[in-house]
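So the chains spell out like this:
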Amino acid sequence: MVDWNLAFLISGAGYGITILVLIIVSMCIWLISAVLQRSKQGSKG
Amino acid sequence: MLEAIGNGLYGLIAGFTGLHWSNPVMIGLGCLLLYLAIKKDIEPLLLLPIGFGCILVNIPLAGLMEEEGFLRTIYDAGIATELFPLFIFIGIGAMTDFGPLLENPRIFLLGAAGQFGIFLTLALALALGFSKLDAVAIGVIGACDGPTAIYVSSKYAPHLLSAVSVAAYSYMSLVPIIQPPIMKFLTTEEERKISMGAVKKTVSKTTKILFPLIVTVVGGLIAPQGLPLLGTIMLGNLMRESGVVSRLTKASENEIANIVTLLLGISIGATMDGKNFLTPQTLMVLGLGFIAICLDTVCGVMFGKLLKVLSGGKINPLIGAAGISAYPMAARVAQREGQKYNPKNFLLMHAMGANTGGQVGSVMAAAVMLSVLKGMGII
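If you're matching them up, the sequences are chains U and W in order. Following the working numbering, the numbering of the first sequence begins with 1 at its first residue and continues without gaps. Following the working numbering, the numbering of the second sequence begins with 1 at its first residue and continues without gaps.
Each hint should be verified, as a subset may be incorrect.
[Unchecked claim] Chain W stretches covered by chain U per the calculated footprint, using a threshold of three residues with CB under 8 Å from any CB of chain U:
hint: 1; segment: 3-12
hint: 2; segment: 63-72
hint: 3; segment: 123-132
hint: 4; segment: 212-225
Source of the hints: derived by calculation from the structure; they are not laboratory data. Don't be surprised by glycine CBs; every beta carbon is placed ideally from N, CA and C.
For reference, chain W alone in the conformation it holds in the complex:
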């Protein structure tokens, strides 16, 4: 009788005895993510479910990530199959107006320049001893694009998924802090004051409809490995610009995006098991991710300076920093920094053009990288 009671009581404390030292640390980290989401309003749509998922998976004996655990089921359904990031991409395409980019297609080049960090970080990761596929997943943090990073790492380096996605989303939310010092360091006051005038609105609806088709066909033919990424973002945009499927467009940018964001966030959190997450490798991933985003900004601004020279001083190099995928945050940073030095300067729409170029550029860069690696027989 007493033994049965003892065993029953032991069952109640089994969770405590099953704790590994890393579990309380990770529960603390989960709480920190919740704090950042709730109190600091930093990417709350993702950090809240990620933080809670992190807490859930670090409570021992619940088996949430074991076979038939509910988090494992969600993970297998949407992350292992790479479906969640692709659904998110349809929503992003449906939300994005490529108009400012189409008004000035040369700004597209800023979106290419802003991807430099991906490739240099890939080389750095290889130099630090990461395997080729791990290095690809780490480099993609430089795309500054959460779904792309998740798609690539879940496909080629699933063991790095949690570190890569936490790094990608954290640095995306830190863009307003990371970029301004670099922008200031690389530009003169005269350059920051350059006024670019208003964006003309001459792009026809036909051009806007043709844009997603051209990007899909040209990009898909050159880099077929990335077609799922390109195709989904462009499908969302085609639905938006065609104007004939407003119900689908609204569902993509609202209901579908919201549900998938919740499931995606909780699944990523569920990969943050202490024993796997608290490793020197994770710290290296976070460090390399930071370098990648700094390099993106450096290269974007330097390319902006080149365009300034080529255009006879008509382009403000600050918009170069917006050539990354953090939309519309990076464009707002360029606008804010420009107005600090010239209150009458409205760079926002130009920076939006560069920013949407960065979105396409980051997807294209990931697609190209995968196809190049496929061509070399590495993947």
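Same shape as in the complex, but just chain U:
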């Protein structure tokens, strides 16, 4: 007997969390890049 609830829970939760983690990582990278660029421009100025 297929437990569809479990199947969709595993897939939905798994995919949702994957996207969330990648969004968090990409935002971290974007933030760090922005901070580094700003500090570089600041030291040039």
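Chain U is already provided as a structure; the job is to place chain W on it using the hints.
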């Protein structure tokens, strides 16, 4: 005297009499893999040792996969312990330039979209009656990433290892055939012609060094079950970007990767014993794996279309198809398809960004899946 000679002669034909019907079929399959590797140049580094390992293990009475057989020793040392795929990951990390991805971090989302097939195939496998752990191993074929598939299946469904790894590597090599019709079907000619211009090179060395650290810490905290996968690929990349351990970087991407690839390939081939491999289950694994990779492409392109709309038409949806882990093959497919419709269009570096996002995404997806299952008490 005559009896002794008779017995001696029987010893010479014992191998023939010990043949099961499945053994010649599998020897034929091994030869087919060798043909694809040697004549068609399809993933030769893996298909050649896999094909030969398959032939070796289907010769009866040699006992190569029995206790103390040499293939069993290699298998136990590197596959059962999950070490081989992790060593390969260090090499992959050392070879990968995440620069194009870091130039445009939103492309990371294409790497997430490209993992959709993993989760839908997992649900499909459960629906077809596979156990939860088997379904996880089958779903991971959709990562389009050989070492990830091997790592997960050897850990949670070792009896499916041969089918899963053959499916993963076969479909990876078939990406240039599988993806273009789907890309064409889902996009308009106008979309395929969108030019994305050149990739800027503004990412600092510091950012490139921080990237593997951030991915390891953030990813590891959220999905600790996948830390071996994430940690090894990011270690390789940190060695590359730091520039201070060039000897280790070169060894990882050359000597270590080559030796491990040979041992990994022959060990996978050694799991292709006819009696275990020629089952309806294997056919189902191959079928589900194909569905997984098609779904990855569909979802990647559809997400590319969404990004196109959100960016005001600046993103070519074809690069969405590159959000899988088959690196750099998927990026080259996007480039080739884009140039068919606009010869002045150079999508390669953008597609490389999506492709490296797909690499991280596939590892992350596997890690998340394992942690979610662990959280649910399933593994």
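query: Of the numbered hints stated previously, which ones are contradicted by the structure, given in increasing order?
result: Hint check: 1 and 2 fail, others pass.
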